[in-house]
Each structure stands twice: as structure tokens, then as C-alpha cells.
Amino acid sequence: MNFANIRREDASRAVIVHAILLTYTLVALYPIFLVVINAFKTRKGIFKDPMGLPNADTFSLEGFTKVLAKSNFELFFYNSFTVTIVTIVIVLLLAAMAAWALSEYKFPGNTVLALYLAIGIMVPIRLGSVSILNLVVDMGLVNTLTALVLVYVAQGLPLAIFILTEFMHQIPKDLKEAARCDGVGEFKIFFAIILPLIRPAVATVAVFTMIPIWNDLWFPLILAPGDGKQTITLGVQQFIGQYVTDWNAVLASLSLAIIPILILYLIFSRQLIRGLTSGAVK
Amino acid sequence: MAHSGPMTDWRKAKLPVIAFLAPATVIYTLFMIYPLLDSIRLSFYATPSGGDTAFVGLDNYRTILADPDWSATFWNSFWNNMKFFAVHMLIQNPIGIALAGILSLPQLRFRNTYRTMMIMPTMLSVVIVGFIWQLILSPVWGVGADLLDIVGLKSLFGPWLGKEGSALITLSFISVWQWVGIPLMLIYAALLAIPDDLVDAAIVDGATHFEVFIHIKLPLVLPTVAMVSILTFVGNFNAFDLIYAVKGALAGPNFSTDIMGTLFYRTFFGYQLQLGNPHLGATVASLMFLIILAGVLFYLFAIQRRLARYQL
Numbered sequence: 157m158n159f160a161n162i163r164r165e166d167a168s169r170a171v172i173v174h175a176i177l178l179t180y181t182l183v184a185l186y187p188i189f190l191v192v193i194n195a196f197k198t199r200k201g202i203f204k205d206p207m208g209l210p211n212a213d214t215f216s217l218e219g220f221t222k223v224l225a226k227s228n229f230e231l232f233f234y235n236s237f238t239v240t241i242v243t244i245v246i247v248l249l250l251a252a253m254a255a256w257a258l259s260e261y262k263f264p265g266n267t268v269l270a271l272y273l274a275i276g277i278m279v280p281i282r283l284g285s286v287s288i289l290n291l292v293v294d295m296g297l298v299n300t301l302t303a304l305v306l307v308y309v310a311q312g313l314p315l316a317i318f319i320l321t322e323f324m325h326q327i328p329k330d331l332k333e334a335a336r337c338d339g340v341g342e343f344k345i346f347f348a349i350i351l352p353l354i355r356p357a358v359a360t361v362a363v364f365t366m367i368p369i370w371n372d373l374w375f376p377l378i379l380a381p382g383d384g385k386q387t388i389t390l391g392v393q394q395f396i397g398q399y400v401t402d403w404n405a406v407l408a409s410l411s412l413a414i415i416p417i418l419i420l421y422l423i424f425s426r427q428l429i430r431g432l433t434s435g436a437v438k
Numbered sequence: 556m557a558h559s560g561p562m563t564d565w566r567k568a569k570l571p572v573i574a575f576l577a578p579a580t581v582i583y584t585l586f587m588i589y590p591l592l593d594s595i596r597l598s599f600y601a602t603p604s605g606g607d608t609a610f611v612g613l614d615n616y617r618t619i620l621a622d623p624d625w626s627a628t629f630w631n632s633f634w635n636n637m638k639f640f641a642v643h644m645l646i647q648n649p650i651g652i653a654l655a656g657i658l659s660l661p662q663l664r665f666r667n668t669y670r671t672m673m674i675m676p677t678m679l680s681v682v683i684v685g686f687i688w689q690l691i692l693s694p695v696w697g698v699g700a701d702l703l704d705i706v707g708l709k710s711l712f713g714p715w716l717g718k719e720g721s722a723l724i725t726l727s728f729i730s731v732w733q734w735v736g737i738p739l740m741l742i743y744a745a746l747l748a749i750p751d752d753l754v755d756a757a758i759v760d761g762a763t764h765f766e767v768f769i770h771i772k773l774p775l776v777l778p779t780v781a782m783v784s785i786l787t788f789v790g791n792f793n794a795f796d797l798i799y800a801v802k803g804a805l806a807g808p809n810f811s812t813d814i815m816g817t818l819f820y821r822t823f824f825g826y827q828l829q830l831g832n833p834h835l836g837a838t839v840a841s842l843m844f845l846i847i848l849a850g851v852l853f854y855l856f857a858i859q860r861r862l863a864r865y866q867l
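In the order they appear, the protein sequences are chains A and B.
Quick note: the first sequence, position 264, residue 420 per the numbering used here, numbers continuous.
Quick note: the second sequence, position 48, residue 603 per the numbering used here, numbers continuous.
Chain B with its partners taken away, still in its complex shape:
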């Protein structure tokens, strides 16, 4: 984007410039930047029972990562979160790309209607979506089994959300169902920006629309695919609502659906007999911050730089 930089020298308008910038900067700093930094600070402190809050260095991190009571829970939620992310990358984003590709075919009728309908689940609250699927998959109601019966797969139906082995995967698919709209929209927008002549030339040369998509369009929208991937990563490692709505803070059965967000909530607020601990909570949040930061830096330096941006 080639827009010119700021034009007017601020010395002619010091007061207006400060007045324009101050309110946003103050609220943003107070409620976003300060809490993020203060959470990291709190993770280096602890309040022993009956004692005063004191600096403890990296003790909280040692507790979460190495203490037998905590480390198994932490790594369980970390790997569950990785699986949750993997399902989104392997299922949600390819489906989103494929649907965006089909929707951007020339002369497609009802294009806007399809698009409007397909992203409808994305507009709903994660909590509502969680409950909708909980009902549909409930063996008590039996609708899930009936629906599978239509395609002749009734024998496959089981209480997926209730079983340790399948609950996390099922929740990942529910999340995919809801969020397909994001890659769909972003990649569709990128596909629309590709000039027609590029595609027309290939079609005249005898290429099929599928070949055009794979060899011309997809390489051109790779930067958007990378951006969608990092958005997916940040969103997944920050997820909480779906698991909490369907499984509660304990993320059962037997913590098999526990992810970083639910672990953070439990550590911070406590559950059942365990008391909440703001300092350990801040430690879990800081570890989440490090994971997200690592993902974002990887994207900025290893991926985004290597992807050629074509000037269209």
C-alpha cells in the first residue's frame, strides 16, 4: 500500500493532537497493556498462607512446570491444546479454502446466498454453539443417531462428548463447524482481489478451473492463508468458552478436554476443594503469553518474510 505519510507538522496543532490521542491511549494502556505487564510481574510473587506477598523469582514457573501436582495437568492441557489447534489447521482451514475457491468460481449463481448461510454459525456465541451440539449429540435425544441413519452410519454413533477418548476431538469439530466462516471470508476476499485477466489467460490456454485454482490462485493467496493460520493459533490457545460451556471448568471426563484457557480459569479461581491462586493463575497466563508470542514471532519472521507478495 503506497499512501503518503502524515502530512501536517504537529507543532502547529499540539493541543488537538494530544487531545485526539490521549483518551484511546490511556484506556488501552490502563486496561490492556498494564494488566498484561502486571500479570507477568505477579507471576514472580506468591502469598504463602497467613503470610505476606513476597517475591519468589521463578518458583511459580517451577511449580507449574515441574511440581508433580501441577506439571502433569499443565502438559496435558498443552498437548490437548495442540491437538485442538491441529484439528483446526487440518480440517477447518482446508474446508474454508476449498469453499472459498468454489464460491469464487466465475458465473456462480446464488453466490451471496451461500456465503451468507455458510458463515451464519460464526456469528453465534461459542456458548450457544456448544449447547446446540451438546443437545444434538446427546444419546437421550437421539437426533445425532437419526441423522447418521440418513447416511447409513447409525452404527458409528456413540456418546462422543462423554468418552475420554473422543470428547476433545468432538469438541474440536464443533469449534471447526463454528469457525469455518473466518478462513472462508478472508480467503474469499483475497481470491476476489486476483485480476480476472490472469485467470482468463489460463482458461483460454485450456486449463481447468481446478488447475487454475491450484496453480495460480492458491499461490497468490498464500500470505492470507498464513495470516489465517496465525489467527487460528492465537484463537485456539486463547479458547475457553466452548469447553467451559459444554464440560465446565473441570474439562472432563478426567481432564481429557482441558486446554490452556480452562486450566488458567481453574488455577485463578479454584475449583471444588482447591482454592484459587492469582499468582499461579498469572503464571499460567504468562506461559500462554509466551506460547502465543512464540507463534506470532514464528509467523512474522519465518513465514511472512519468505512468502513472496505479488504486486497485482
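For reference, chain A alone in the conformation it holds in the complex:
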């Protein structure tokens, strides 16, 4: 075998590999692309030339105008943002505190407590919905964002504590010892030294906490289905249920839900993927 042969083999192999990858990329992206381009067309354009890009003849924003006039999308976005951000901040803080206690201090029941807090990684919180609703009714929190935040914090904590405990084991001993020798208190060690150190793990935890919350339909449907407390996912679901035959409005509402996520995703995809593949740094 000479070098020319090897190079030709390599080249044809590369073509096959890229053909497979491109095909799958197309399968993954084309449906999203199709919905977004059609949202910017007239009704006629949507049906006459579904696969064409909007042009001078077919371009129209009537779908968006209708959605913004007939539904409360800004409010739904605001609700989703509030719930997601507040939940992430609480989960990060509480999980970091718990993870620090579990990884740093020797106390009776340490392992048992760590296992107890890990149950929620495998058991879906939805299965407790009947009692969660009773609880929320008893607390007078039906149709409030607070109810969603409390449930999502409980849902996000187990995995966050697990990831952060693993991470805190890697914090060098000398750092803590030095602080202790200087007589720094335990609270101050955590808040002034440890908390700033977990920044690299924050992205990972935030991703795992954020995506399921932002996309959830179940708990908004059960705990906060009305009174202007709908999240964007529930808002879109209700809107489309109502305007199912109005293609412009349906396509526009879907695009409004997709585009912000896509933009955020493209900006943060690097950190996000690093988070998802953490542990395999190479």
C-alpha cells in the first residue's frame, strides 16, 4: 500500500462520514427551520410554497401581530423567566451549602443523608403530584409562581447536590486549612472562599436545572394553569388549543417560543456542552 492509496481511502471515508453527519443534522434542524420561515409568510404563502423562504410576495408578520394582540406572550415570558431564574439561584445556593456540608464535615449519618438526597435523581417528582397539589392548596399557593418555584427547587436539588459534592471533593485541602489557621469562621470560609470557587460547576448545574423547568408542562398545568400565571410552555399550549385552525397564529406562536431558546442556546452552547460532557475533559 502506498501513500496515495491511503490518502484516497481517507478522502472517501471522510466524504461518507460527512454525508452521514450532514444528513442527520438536516433531519434535526429542518423541521425547526420550516416552522420558523413559515411564520413570516402570508397564509397563501404558507400553503402554496411551504418550503420556500419568505419573499416580497409572501412576507408577512400577520401571525405575530395576531399572537401579540390575542394572547399575553410578554407576560408568559416574564413568568417563565422569573420562575427559572429564581429557581436556579435558590438551587445553586442551597445545593452548594448542602454539598459543602456533606463533603467537608464528618458527622453521623453523612452517607445516609447523601443517599437520601440522591433519591430524587431517579424518582420523578411528578409521581407525588396528588399530594403536592393538596399541599399547595393548603398553603394557599394555587396559581402562584411561588408554588412552581418551590416544586422546581425540590426537583432540581438532588442532581445539583450530587454534581456539586463531586466537585467540592476536588477543592484543595490547603486552601481551607490556611483559612482555618487564620481563624476564619466556618460560615465565612463557605461564603468567601468556597462559593466563589464553584463557578466552573455553576454552568453544569444551571443547565441541568434550567432546561426541564423552562420546558415543563405538567406542573404549570396542575399548579398554576390560569390567572395570568401561565409559563410560556403552557401559554403556547393553551393558545394553540384555541387557535388551532389559524395557521399564521400557530406558526408565529411556535416561533416566538423557539427563537429565544435558539438564540440563548447558540450563545451558550459551548459552556452548555462543556457542562453536559463534564468529567471528560481532554
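By construction, these hints were calculated from the structure, which means they are not laboratory data.
Check each hint, because a few of them may be wrong.
Said to hold, decoys possible - Counterexamples of contact, computed for chain A against chain B with all Cβ distances above 10 Å:
#1 Pro187
#2 Thr198
#3 Asp213
#4 Phe215
#5 Val298
#6 Gly339
Unchecked claim - Now the stretches of chain A that chain B is said to cover, found in silico as 3 or more residues with beta-carbon under 8 Å:
#7 220 to 231
#8 275 to 285
#9 347 to 361
#10 409 to 419
Owing to the predicted nature of the structure, the values given are computational and were not obtained by experimental measurement.
We put the CB at the ideal spot given by N, CA and C, even for glycine.
Dock chain B against chain A, hints included.
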């Protein structure tokens, strides 16, 4: 992983340790563990019309599993859920593994771009994904037929989501389309952790990249494949959003897309003329819990223990 255990004796810092652990433990216990246990408790109670709630033992389970009105619905949703899971195991996970294998080939260009694009559907809400595909597969719009026409298969197109025989399979494929990103990412991460020298040695000995993947890499990432499988199982037996968004709580046509999650919702909240019943709802949730528990225990004791973990 060989990290040392906890270092500091807590007796020197009782108050901080309690203060660090209490908030997370309290919220988690109140909103996760207590509701799970309380749901199981509620499944042993019933409220007869006009009467007071009373302990009824296993009556609710007898109703769901054996009462002619309920058992057919329950077993229908159970077997539908098994089919839903089977499609994910047979289609989603192999595609995820294959794509991860290709993406981890040495010297591949645009690796990160492909990866970013391929997992994009995974980031979207299940509800949004359900509606996207409902539109594309709608015979009214006809885009689905046009797309099949490009590959010369237009004659195959039909109202798949509307037909009893094909609705569940179609929804399973939509779900696969969305969730391929999970096995893709997890297995890709595991493949990256395999040391280069192991692969290089085989290549120098004349093995092709395909052989290296099948005989060296795949056996090394089997623990991750098993973990992906159990995540798929738990996710599938807890699914609800997609069916609800596309088919509503009635999971039509004629309950052909009914899975455990939609059955739980209908039992709990009621639908059409049937009133919601929290106790029967809690019973369905408890049965789902048992199914998921059985899957997780099977994974922990029968699978994970037998898979050799190679120290790399």
C-alpha cells in the same frame, strides 16, 4: 473516583453544618419525599360519594387492575408505554451511539458544529416539538408528503397521527427525534474519556476505525449505555407532555396513544363526564412508582454489577 472522605469533625462546627444542610433538606423533604410517600398513603384510602374518606386497603389497586371499567385502560396504557420505550431503546439509543461514535473519530472537521446542531431539538420544549411535528405531518399542509416526495416515497404518506394503528409509533418517533441528543452527549463524553494510546495501538496493528469502535470503544462505554437505558426507561414511564400536547388528555384515537402519564392525569383530574379522583390518581402514580422502581433495581442489581468497569 478516589477522593478522600469528609475531613473536618463536625463537633467543632455544629451550628454551621446544621445551617448548611437544613434549607435544602427541608424543601426537598417537604416537596419531594413527603408527597411521594403521602401519595402512596392516599392510594389506600377512598372517598365514597357523600361519605367520609376511609381506609380501604388494596381496594383501589383491585379497581385499577381488575375492575372491568379500569383494567383494560390500565393495561392498554402499560403496553403502549412499553412500545413507546421499545422504540426509544431500538431506534433512539442505537442512533445516539452511532452518531457519538462518528463524532469521536480522530481528526474530524466541524465536530463541534455538528454536535451543537444535532442536539438542538433536545433543548426545545416537548410541547413545542409536538406541535412542530403535528403541523409537518398534517395532511392539510402537505409538507410531509412533499418532503417524502424528495426521496421518492410520497406514496407512503398518510395521516399517521390520526390513525389508530400508527399514531403511537409516530409519536414515539417524534420523541426519538427530540431526545437523541441525550444518548449522543452522554456516550460521546464517555468515548472522549478513552485514552488515545489504546485506539492508536489497534490502528497501528491494522484495525479499521469501525473495528476499533465495535471491539474496543463500545465495550468500554457499556456502563454508560446501561445508564442511558435506565434514564430512557424512567423518562418514558414518566412521559406525558408530548401525548397531551398532540392528542390531549384522551390520548386518541380511541386511547391508542394512552400511556401511564396521560392515564394518571385523566384519573386524577377527570375528563368529559368522568370526575377526577385523587385516590385512584394516587393509585396510578403508585403503580408507576413500582414500575420505575422495578426498572431502577433491575439496573442497579442485575446490570450495573455485571458490567466490568475498566480503570482507564
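Violating hint indices (sorted, rising): 1, 7 and 9
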